[in-house]
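Counting from 3, one number per residue, gives the positions in the sequence shown under my numbering.
These are calculated hints, taken from the structure and not from any lab test. Mixed in with the good hints there might be a few duds.
[Claimed, not checked] Mimicking DSSO-like on lysine-lysine, the simulated pairs with C-alpha atoms at most 30 angstroms apart in a straight line are:
hint : residue 1 : residue 2
1    : K5        : K30
2    : K90       : K30
3    : K112      : K90
4    : K129      : K112
The structure presented is a predicted model; accordingly, all values stated were derived computationally and were not measured.
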Amino acid sequence: MLKEFKDFLMRGNVMDLAVGVIIGAAFKAIVDSLVADLIMPIINALTGSTDVTDLSLKIGVATLKYGNFLQAVINFVIIGFVLFVMVKAVNTAQERLAGKKDVEEVAEAKPTAEDYLRDIRDLLSKK
Numbered sequence: 003m004l005k006e007f008k009d010f011l012m013r014g015n016v017m018d019l020a021v022g023v024i025i026g027a028a029f030k031a032i033v034d035s036l037v038a039d040l041i042m043p044i045i046n047a048l049t050g051s052t053d054v055t056d057l058s059l060k061i062g063v064a065t066l067k068y069g070n071f072l073q074a075v076i077n078f079v080i081i082g083f084v085l086f087v088m089v090k091a092v093n094t095a096q097e098r099l100a101g102k103k104d105v106e107e108v109a110e111a112k113p114t115a116e117d118y119l120r121d122i123r124d125l126l127s128k129k
């Protein structure tokens, strides 16, 4: 049973997931800092409020606290944009690498003198 547990933990999917969770946590810290230290001061300057999460609207006896929701939407949009930029950069880099490989393959695929001689032989044999 211990061997099966070890095999389970060492499978590629489990290790990939563990790496993804750790990278995700580090990425969250970066985005949280981006939002708290760069984006929110700009929004606070525009709204005149010191904290967006404190925004609320009083309707009769009820209070709608839309500030927390607004903060969550801002975080979501920023995280989505940063992920989009990162994925686009990775895809561009992969395309460039694939392009270089294609050029190398094309350069290697040039016909040789033997190929030309075979073609000539085949044409002559058909006559």
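Taking the hints in turn, this is what the structure says about them:
For the hint linking K5 to K30, the alpha-carbon distance of about 35 angstroms lies beyond 30 angstroms, and the restraint is violated. Of the supplied pair hints, the one linking K90 and K30 holds, its CA atoms being roughly 19 angstroms apart against a limit of 30 angstroms. Among the hinted pairs, K112 with K90 is inconsistent with the structure: their alpha-carbon atoms are about 33 angstroms apart, more than 30 angstroms. Simply put, K129 and K112 have alpha-carbon atoms about 27 angstroms apart, close enough for the 30 angstroms limit, and the pair holds.
Checked against the numbered hints above, the structure breaks hints 1, 3 and satisfies the rest.
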